[in-house]
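Protein chains: 2
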Amino acid sequence: MRIGGSEEIAWMQICEPTEKDKGKYTFELFDGKDAHKRTIDLSGQAYDDAYAEFQRLKAAAFAEKNRGKVIGGLPDVVTIMEGKTLNLTCTVFGNPDPEVVWFKNEKLLELNDHYVVTLEQGKYASLIIKGVSSEDSGKYSINVKNKYGGEMVDVTVSVYKHGEELPDIKPAASGKARLIPADPAQEPAMSKPAKSGRK
Amino acid sequence: MRIGGSEEIAWMQICEPTEKDKGKYTFELFDGKDAHKRTIDLSGQAYDDAYAEFQRLKAAAFAEKNRGKVIGGLPDVVTIMEGKTLNLTCTVFGNPDPEVVWFKNEKLLELNDHYVVTLEQGKYASLIIKGVSSEDSGKYSINVKNKYGGEMVDVTVSVYKHGEELPDIKPAASGKARLIPADPAQEPAMSKPAKSGRK
Numbered sequence: 001m002r003i004g005g006s007e008e009i010a011w012m013q014i015c016e017p018t019e020k021d022k023g024k025y026t027f028e029l030f031d032g033k034d035a036h037k038r039t040i041d042l043s044g045q046a047y048d049d050a051y052a053e054f055q056r057l058k059a060a061a062f063a064e065k066n067r068g069k070v071i072g073g074l075p076d077v078v079t080i081m082e083g084k085t086l087n088l089t090c091t092v093f094g095n096p097d098p099e100v101v102w103f104k105n106e107k108l109l110e111l112n113d114h115y116v117v118t119l120e121q122g123k124y125a126s127l128i129i130k131g132v133s134s135e136d137s138g139k140y141s142i143n144v145k146n147k148y149g150g151e152m153v154d155v156t157v158s159v160y161k162h163g164e165e166l167p168d169i170k171p172a173a174s175g176k177a178r179l180i181p182a183d184p185a186q187e188p189a190m191s192k193p194a195k196s197g198r199k
Numbered sequence: 001m002r003i004g005g006s007e008e009i010a011w012m013q014i015c016e017p018t019e020k021d022k023g024k025y026t027f028e029l030f031d032g033k034d035a036h037k038r039t040i041d042l043s044g045q046a047y048d049d050a051y052a053e054f055q056r057l058k059a060a061a062f063a064e065k066n067r068g069k070v071i072g073g074l075p076d077v078v079t080i081m082e083g084k085t086l087n088l089t090c091t092v093f094g095n096p097d098p099e100v101v102w103f104k105n106e107k108l109l110e111l112n113d114h115y116v117v118t119l120e121q122g123k124y125a126s127l128i129i130k131g132v133s134s135e136d137s138g139k140y141s142i143n144v145k146n147k148y149g150g151e152m153v154d155v156t157v158s159v160y161k162h163g164e165e166l167p168d169i170k171p172a173a174s175g176k177a178r179l180i181p182a183d184p185a186q187e188p189a190m191s192k193p194a195k196s197g198r199k
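Residue numbers (full-length UniProt numbering), protein chains in the order written: chain A, 1 to 199; chain B, 1 to 199.
Treat the hints with care, since some could be wrong.
For identical chains, the list gives no copy identity; a pair is met inside one copy or between any two copies.
As the list claims (entries may be wrong) - The calculated lysine to any residue pairs, modelled on SDA-like cross-linking and capped at a C-alpha distance of 20 Å, are:
| no. | residue 1 | residue 2 |
| --- | --- | --- |
| 1 | K123 | T91 |
| 2 | K84 | L179 |
| 3 | K104 | T39 |
| 4 | K130 | A50 |
| 5 | K37 | F27 |
| 6 | K176 | M81 |
| 7 | K20 | K58 |
| 8 | K58 | K123 |
| 9 | K147 | C15 |
| 10 | K176 | S134 |
| 11 | K84 | F30 |
| 12 | K37 | G4 |
| 13 | K123 | K147 |
| 14 | K84 | K139 |
| 15 | K37 | W11 |
| 16 | K20 | Y51 |
Hints were generated in silico from the structure; no laboratory data involved.
Just chain A, with the same shape it has in the complex (with noise of 0.2 Å):
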């Protein structure tokens, strides 16, 4: 339990309510001369709304912890030669280990020879694009999500041919994460995650 306050202020903060926290809890306040009461009970359907509120922010503040994220490494835009091969790797996070599926232009990525995607150590998701060519041009996204939830991070593609000038590229979107909710119902359809482990 925690108490505390400001001039304008009284507060006490109850952590990890229980059963034993059931009760009357009475503030007495003195502005010097006189003593002044206010009471609180902590029971019946008070409690029971109190519980059920603290139960849901505890629940929402775990899967916020441990939901699938993408802690950072992608760029927003990527230039790169034709024929080139790009590799997009970032850090990824999650508890239990996330599922990492990678979309192009908003659809599922067919693996082949050409894209390669790898997760190692169920932290690190790369996409491998080899020999990039301008049909490669486009909006990549990563999905990285577990049972608690997800984001989908963007990164804008651009593939030029040699003695071509650079192509202007805005990213997709703001540049940042897109969250994803735990709700299933919620979700587009899922490819088979990352292998894990480089070939």
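Starting from the known structure of chain A, arrange chain B on it as the hints suggest.
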């Protein structure tokens, strides 16, 4: 030994010359009526010169095959929003395992909590810039090198502020690797190579 020819040329190739290949070689051509002969004496100085040239070409081919190389992975230009973390990863090769050194604007990159470099399995080289700021904009180069030589590959990094227009950035060079000769006297000063394994 291989022989071949066309209407205009006749050739003979001794693939791995030894002492036994010394001696006189004669080409005989028929024009339908007469025979025409050309004789080459592959012995003495002629053999020694040819052998020395063979040794030189063989060593050069071996060095070219085994020198440090960036196989692929790096784009030419990367644009990223301030505050994010950037991971530049590429696949390198060399036999023996190459040393990997990173430069920023032609100067050795000083490694610290902000700039982290890794080299995994002697094969996957990464430069991670944590929490990029506009001061991190510039030309980064990876130098991959062993005793047979190596190469330098550039990436232009452009950091933009949230809400700012994306800058129109051109790659620093032609998008091609710059060769590094094997001769140590030709080399720029090298920093200690990236340690193997992620932290």
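What are the numbers of the hints the structure violates, in ascending order?
3, 4, 8, 9, 11
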